[in-house]
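This is what each chain is made of:
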Amino acid sequence: MPEWNKPLPSVVGETKPYWDSCKRGDLVIQKCDDCDEYQFYPRGICSNCWSNNIQWIKSTGKGTVWTYTVTYQNRTHGFAQDVPYVLALVELDEGVKMFTNIVECEPSSVQIGMSVEVTFIQANNQISVPYFRPA
Amino acid sequence: MVDLKRGAAIVGINEHITRYSPDKSELQIQGESVIKALEDAGLTKNDVEGLFTASSSIRNSGLNLADYLNMYPKYVDNTTVGGGSFEFHLSHALTAIAAGRINCAVITYSSLARSGGVSVGTGGVARFGHPRLDPSPDSFEELYGLTTVGLYAMIAQRHMHLYGTTSEQLAQVAVSTRKHASMNPEALFRTPITVEDVVNARVISSPLHLLDCCVITDGGGAVVVASPELARSCKQNPVWVLGVGEALAHQGAGKRDLIEIAAKQSTTPAFAMAGVTHKDIDMAMIYDSFTITVIETLEDLGFCKKGEGGDFVSGGRIEIGGELPINTDGGGLSSNHPGMRGIFLLLEATRQLRHQFEGTPRQVPNCNIALCHGTGGALGSRHSGGTVILGRD
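Residue numbers (the working numbering), protein chains in the order written: chain A, 2 to 136; chain B, 111 to 503.
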């Protein structure tokens, strides 16, 4: 495993199931049992109806690029060496958008609307980070 | 609701002349600005009852500022929602004055972003000054290498995709703004530029080029706000607060379409309170962190239809002499941008409404009503929008 030089997420109770699933290679999102709304990022409450009857649902892991940018300048350690890289908002098939990077392709090939699927890169023994690649 | 229209007025202003001050503290720049703004109004330290400030670098900003100035304000507001915080402050000062809590407030800001070497737009997570990510939302965002430029670039990309907006149309905002900066002796960059200069500059985060992005400077300023009674006794003609509107926009749990920005929510209450229409606005100060910010804001404020912002900014319409002159001081794109630029919108609108540049090319002719819209945060993730409509007697 190459040394991870990017920031790492902080895991707390309300987000632990998400990161535990990532470690197993599954992308999960939340759905409220009371109002049936999906939400992302994960929370300890339903942000729509404020109920706490929320379930973790396994996402299809598939979606489309809602928008993106090819980043040529970022002074943060871990990203400065990676430019150009693609920062994107992907809209999952379930209808929620999430930030990610589009990987395993030329940055110039990325388009709004292109189909993508989740893939994971292991950062350390606790954390695997979800990314998306062309589907 | 209490009628807040003309419930308070801007009676004193000062824009700190500095663009680079490595030998001053941020509090000193605020102090110098407040003193000069009170002189401008013909008021003194003892007249000030309310203190309004925001900072991304001064801890407990209002508390430390009161200590530095040796003041004991009875009304304090540190609302900090990014660069547009100062439009929120004016809105809150209006409310506090109309409610009779205070008669006089000072709004002030400073930053040493340039001399401190702060990578405001491209610092990534380092812009927060700490490497550990908060559990949410940072832990779902910052590990992908977000930058401020990138978060605006993503909205620019989507705008181009949906509406056919071009890089040349974005560039026109920078070109017109630079033309205005050429008339401002204090602006950081004053040499005129062309559309070709902008689109041929290096790409920072596609589709935004270097000249689509605001400058980074040191700077600061202050605004004195007074009750109608106090305003009538001040040295300068009052600039009345006619209408205000505040809004926040965020991802809505992953479901909001952020091509529609907070300005869409703040514009209606501001125009309703002021009782004016878009045709009544003689000039506008539109927060210009990036060229796309201006196009998105003009659309969602209602100056043109969604998707038509690229056409709207073309053909000199946003230049002095055009239909809606904007950012006549040279804006954040060319004059100054210390990190949170919202206070400078209020300062230039006030100067124009005072007809301070009468007889020079910088004066907007017959300027009676101005609109300021501050945007803070990032269009692509979460941001604030504060709309203020101002008018002279």
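Hints in this document: simulated from the structure, not taken from any laboratory. We put the beta carbon where it would ideally sit given N, CA and C, even for glycine. Hints may contain errors.
What the hints assert, rightly or not - The calculated DSS-like cross-link candidates involving lysine-lysine, where the alpha carbons are at most 30 Å apart (straight line), are:
no.: 1; chain 1: B; residue 1: K365; chain 2: A; residue 2: K7
no.: 2; chain 1: A; residue 1: K63; chain 2: B; residue 2: K365
no.: 3; chain 1: A; residue 1: K32; chain 2: A; residue 2: K59
no.: 4; chain 1: B; residue 1: K146; chain 2: B; residue 2: K289
no.: 5; chain 1: B; residue 1: K415; chain 2: B; residue 2: K345
no.: 6; chain 1: B; residue 1: K345; chain 2: B; residue 2: K416
no.: 7; chain 1: B; residue 1: K134; chain 2: B; residue 2: K146
no.: 8; chain 1: B; residue 1: K365; chain 2: A; residue 2: K17
no.: 9; chain 1: B; residue 1: K365; chain 2: B; residue 2: K289
no.: 10; chain 1: A; residue 1: K59; chain 2: B; residue 2: K365
no.: 11; chain 1: B; residue 1: K365; chain 2: A; residue 2: K32
no.: 12; chain 1: A; residue 1: K24; chain 2: B; residue 2: K365
no.: 13; chain 1: B; residue 1: K115; chain 2: B; residue 2: K134
no.: 14; chain 1: A; residue 1: K7; chain 2: A; residue 2: K59
no.: 15; chain 1: A; residue 1: K17; chain 2: A; residue 2: K32
no.: 16; chain 1: A; residue 1: K63; chain 2: A; residue 2: K32
no.: 17; chain 1: A; residue 1: K32; chain 2: B; residue 2: K184
no.: 18; chain 1: B; residue 1: K416; chain 2: B; residue 2: K374
Stated by the list, open to error - Stretches of chain B that chain A covers, calculated by requiring three or more beta carbons in the stretch to come under 8 Å of a beta carbon on chain A:
no.: 19; region: 249-257
no.: 20; region: 278-287
no.: 21; region: 304-315
As the list claims (entries may be wrong) - Pair ranges (Cβ atoms, derived):
no.: 22; chain 1: B; residue 1: E278; chain 2: A; residue 2: D21; range: 37 to 43 Å
no.: 23; chain 1: B; residue 1: G274; chain 2: A; residue 2: E107; range: 22 to 28 Å
no.: 24; chain 1: A; residue 1: D35; chain 2: B; residue 2: P132; range: 52 to 58 Å
no.: 25; chain 1: A; residue 1: Q82; chain 2: B; residue 2: P338; range: 43 to 49 Å
no.: 26; chain 1: B; residue 1: A382; chain 2: A; residue 2: K63; range: 42 to 48 Å
no.: 27; chain 1: B; residue 1: Q138; chain 2: A; residue 2: Q82; range: 17 to 23 Å
*Quick check: which numbered hints come out false for this structure?*
Hint check: 5, 6, 9, 13, 17, 20, 22, 25, 27 fail, others pass.
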